[in-house]
Every structure is written in structure tokens, then in C-alpha cells.
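From the two separate chains plus the hints, produce the assembled complex.
Quick note, the sequences are listed as chains P and W, same order. Going by the working numbering, the first residue of the first sequence is number 1, and it counts up by one from there. Going by the working numbering, the first residue of the second sequence is number 1, and it counts up by one from there.
Read the hints as simulated data drawn from the structure, not as lab findings. One should not assume that every hint holds.
[To be verified] Simulated crosslink set (DSSO-like; lysine-lysine; CA at most 27 Å straight-line):
hint : chain 1 : residue 1 : chain 2 : residue 2
1    : P       : Lys46     : W       : Lys79
2    : W       : Lys164    : W       : Lys178
3    : W       : Lys79     : W       : Lys164
4    : W       : Lys78     : P       : Lys46
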Amino acid sequence: METAALKALAAGLAIGLGALGPAIGEGLIASKAMEAIGRNPEASVKITPVMFVTMAITESTGIYALVIALIILFS
Amino acid sequence: MQLNISIAPEIIFYIKSFPVTNSLIWSVFISGFLILITLIIRFSLKMVPGRLQNCAEILVEESFNFVRSVTGDEERAKKIFPLFCTLFIFILAANLFTFIPGQAAINIKSQAGTISIFRAVMADYGTVLVLTIISVIIIQVAAIMTHGPLGYIGKFLNFQSPLKFFLGLMDIVGEMAKVLSLSFRLFGNIFAGEVLGMVMLSLFPFIAPLPFMFLGVLTAIVQAFVFATLTLVFITLASEIEEDELVEQASI
Numbered sequence: 001m002e003t004a005a006l007k008a009l010a011a012g013l014a015i016g017l018g019a020l021g022p023a024i025g026e027g028l029i030a031s032k033a034m035e036a037i038g039r040n041p042e043a044s045v046k047i048t049p050v051m052f053v054t055m056a057i058t059e060s061t062g063i064y065a066l067v068i069a070l071i072i073l074f075s
Numbered sequence: 001m002q003l004n005i006s007i008a009p010e011i012i013f014y015i016k017s018f019p020v021t022n023s024l025i026w027s028v029f030i031s032g033f034l035i036l037i038t039l040i041i042r043f044s045l046k047m048v049p050g051r052l053q054n055c056a057e058i059l060v061e062e063s064f065n066f067v068r069s070v071t072g073d074e075e076r077a078k079k080i081f082p083l084f085c086t087l088f089i090f091i092l093a094a095n096l097f098t099f100i101p102g103q104a105a106i107n108i109k110s111q112a113g114t115i116s117i118f119r120a121v122m123a124d125y126g127t128v129l130v131l132t133i134i135s136v137i138i139i140q141v142a143a144i145m146t147h148g149p150l151g152y153i154g155k156f157l158n159f160q161s162p163l164k165f166f167l168g169l170m171d172i173v174g175e176m177a178k179v180l181s182l183s184f185r186l187f188g189n190i191f192a193g194e195v196l197g198m199v200m201l202s203l204f205p206f207i208a209p210l211p212f213m214f215l216g217v218l219t220a221i222v223q224a225f226v227f228a229t230l231t232l233v234f235i236t237l238a239s240e241i242e243e244d245e246l247v248e249q250a251s252i
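Only chain W is shown next, with the shape it has when bound in the complex (with noise of 0.2 Å):
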């Protein structure tokens, strides 16, 4: 049995010495596509909305509702809500362009064998890390904002008693493993659902993989929500003033 996994993407072509890889060209892809449907919308806005207006309207506001309701803060929720609604219908587009039917027979032919031009874009692991690394420095510099920079270092490195700056260390690695655990949970979730895919279909290609694909579509949605809504979550209690520090800003 063989089966053609890889946990890097494949190179399909060079640009000078810069490899493109069949993930970029379809994040590129599902990129254009989201930019050019949002400039439809844009430009057809209407008092009385047509169909797709009204699914942009629907998706737009409940999601807003939703940023709302985590932050409890209106305008806070302003702040944050493109970046949570971007990420999200990002994910959410790459992860369910995955089910368009027949797009995995698109091969091309090169010296490394045959290439799929088609490739889940979260199954990409630099993808997922880059955007990983923008909502963490995100969160790092909506932290800064609200404690300012001492206060944020004085989060860390705490000289008050052992106990505290045992505790801010662990800080410093909760922090760090952030980046690892908000990318792999996407990465993993995604990569899984294609190995287990093409598993399934090597061993019986008829019946049996329909309620993985089924399982598919579920994760694809449930992972685009809960990225965004980790994010919108760390955000939020980066951008919170704790209990015991108003008490110290009010005595200072």
C-alpha cells in the first residue's frame, strides 16, 4: 500500500529561488476569491438585501454579537472584531475548500513524482504557524496596551516573594506554549482529516469514508470557530485589568 503523505507541502514551481509550494498557490487562490466576493458585496450594497447580502448581513452581526457578548464591551468588541471575523472566515473558506469534489485528481507531473496542485491549506504547518504568531503578538500588544510596558515585564518577572516569581516564569511558558498549541490543534485537526481520508479511501474506496468526510466538515468548522474564538478569548483576558491591580493603581 502506498500512500503519498508528506508533512511538508510540495514544491510545484521556483520563482528565482523562491519555492512555491501547491498550499501558497491555494491560500493565494482562496484569498482572492474571499477578497473578490467581498468586493461584490461591497459594491452592491442595497437597502431591501438580495441572497448574498443577507448571508454577509446574518454572518456579520451574529459574529459581532458573538465578539460582544465574550468581551462585554462594545467597544472593545470594535477593536477586536475584524481580526476574530478575519481569521475565522479565513479558516473557515480554506478548511471547506477541502470538500470541493474532484479537486484532488488535478495532478501535474514533475521530477518528484505526481504532485496534487491541490493542497488543504491548514494542512500547510507555516500557514498555521504564521497565523498563529499574529494573534500571539496580538495578544502580546493588546497586553502591553492595557498594563503598560513595565507592567507587562512586572508580569513576568515578579521579585515580590519566590512563590510569585516561580509563578512568572511559568507565565513566560504558558505564553510561549500558546504559540504551540493554538497551531497544532489546527495543523493536527486538519492533517488528521486528510490522512484519515486518504486511509479510508485506500482501503475502501466506496461506502466507508462518507461518515469520516461527514466528521470532516464538522472539524473543519468547529476548528475555524475555535481558533478565532481562542484568540478573541486570550485577547480579552490579555486586555482585562485584574482585581488586585486596580486595588494598586487606586493606592498609588
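This is chain P alone, in the form it adopts within the complex (with noise of 0.2 Å):
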């Protein structure tokens, strides 16, 4: 195979297996937020921020694979 179609093979698979475990992480602490939210409605206040804190902490592995992909694809 020529090299940019090797590249292009790479990045795909860089972010579509990087994006699983992200995308089960985000999705087990929506549930759990809900579930806490539905429990509680007063605390929503206070469980909606640090849920998008840690979302956006459980996202990072994501980010880097995208990082990775990007870094394959245009340089």
C-alpha cells in the first residue's frame, strides 16, 4: 500500500478505537448523573457542573487519540 493511503488507514483507526473507551466512560457518568439528578432534583445545581468537569476529564483519553490522528493526517 502507498503511504497515504496507510496514513489514511491509521488515523481512522487511531480515533475510532480511541473513541470507545471515552465514549463508555461518558456515557456510565451521564447515567450516573441522572440517576443521582432523579434521586435528588435539588442537588442538579450542584451535580450538573462536576459533571462536565469529569466529562471533560474522561474525554482527555479521546482527545489524545484524536491529537494522534490529527498529528497522522496533516503532518
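Okay, here's the thing in C-alpha cells:
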């Protein structure tokens, strides 16, 4: 295979596989947060920002994969 | 489909041999803008606050309360707060300036082709890396100040047992990883937002990019908050004396 095709394949694989973990993790965070809000609706003001922050942290492995994919593609 | 995407920022002109990139111009512009706003608020302070002063007061007060709730200590909160608030406001402003409509259309032509004068500041890895290095150095300084130089080195080189020695080595790796994880998180999010917006615009330029723009605004705010908060949490952790250490100190 030529280099360009390999690069495209590598970038696709990197971001595709790298997105799996954070997707599951964020789903877990969101479901737990919804559960907590459902149990105690008054605490939603406190739960929502914490949920966003933990989601952003969970997302970081996905973002690493994305950075790798972008580096493979554009440099 | 020809997209103009580059990971390095574009060089606009040189001062002697120092390359001035578009992200550097914008970070200087944003710093100037923030300093101007601060000076305006500083010299028009009133007992009965106006609109601008009210916003500034809410921002400073709420973020100070947040810092105090994380550190759990008024004195330490006062020490950490300026760094936290500066990081937060600068990154927030740098991210939100991306959404000024029309700025991406300002171009100049040079040998390298058409270059946009504007570039999202946090989509330049150099800037993000410098911010990260500043916060990581401050984390180490906080650790040294609480544990003392010997205690700080002893945390990493521990010869009490093979397990502790191994854990100490892992701590060294962990400190190194902080630089990468903090900087990649911010850079990746903002750069990915830019690339995503560009790709969507080139695929379908009318309504399709809107939800991604909304996601971008959300990311801009959340990432600024996350970067500042993580720095805050790391400093707090580094400047806390652990319980077994207290026992050790008491026994000495």
C-alpha cells in the first residue's frame, strides 16, 4: 500500500478505537448523574457542573487519540 | 477538497529572526484587551457598582468561593487564587474570541499562500505548552515548600522497601505525564473544534455547522474551567501534608 492510504487508515483506526473508551465512560457518568438528579432533584445545580468537568476529564483519552490522528493526517 | 489545516501556527512576518505567528499576534491582542478592561474597571470602582463592575465582582467573588471550597482554607485560597483566576480568564477569553463572526475572513497574502491573521490561541501547541509548564512548575514549587527539599526528593527516591521505590519511580512518570495530559487536553479540544468546524463548513456550509459551533462554545468554557481547576487541584494536593507524614513528623 502507498503511504497516503496507510496514513488515512492509521488515522481512522486511531480515532475510531480511541473513541470507544471515553464514549463508554461518558455514558456511565451521564447515567449516574441522571440517576442522582432523579433521586434528589434539588442537588442538580451541584451535580451538573461536576458532571461536565468529569466528562471533560474522561474525554481526554479520546482527545489524545484525536491529536494523534490529526498529527498523522496533517504533518 | 482542499482544507487549509496546519498544526503549527502560520508565520506572518519576522522581527529580525524572531518569527511572529498569527496566534502570537492574537494572544498579545487578547492580553491587551484583558488588561484594558481590568484598568477600566480598576479606575472606575464605585461603592454602587455599575454593570461592568457588577460582572467583574460576580466573577471574582464566585471563583474565590470556588477556590476556597476546593482548598478548604482561606489562607491557601488567597495564595492560589490569582493564578487560578488568571489562567481561567485568559483561556476563556482566548477560546471565546474564536466565535467573533467574520474574523476568519481577514487574510493576508504572502509567499506561503493566503494566511488568516486570526488563529485560535489555544490551537497553537506552543502557547498551551508554556501555560502548562508554568502551572506544573508552580505545582512542584508548592510541593517543595510544604515538604521541604529533602522531603520532596524523598517522595520520589524512597529506599524503605522495593515497593515504595517502585511507587516513587511511578510518581516521577506521573509528574512528567501531567505536562502532556494537561496540555494535550486543552490543545486537542480547541484544535479539534477548529478542524471540525472547518470540515463541516466545507461539507455543507449552511445549517449543519451550527450544532458543532454550539458544542464548540461549550467546549471553550468547559476546557478553560477544567484547565484552571486541574491546576488548582494539583496544587492543593501537592501542598497537603499526608496523614502518615504527620505521624512521622510527630514521632521526630
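Consistency of the hints with the structure:
no.: 1; hint: P:Lys46 <-> W:Lys79; result: 25 Å, holds
no.: 2; hint: W:Lys164 <-> W:Lys178; result: 21 Å, holds
no.: 3; hint: W:Lys79 <-> W:Lys164; result: 32 Å, violated
no.: 4; hint: W:Lys78 <-> P:Lys46; result: 23 Å, holds
Against the hints set out earlier in the document, a violation occurs for number 3 only.
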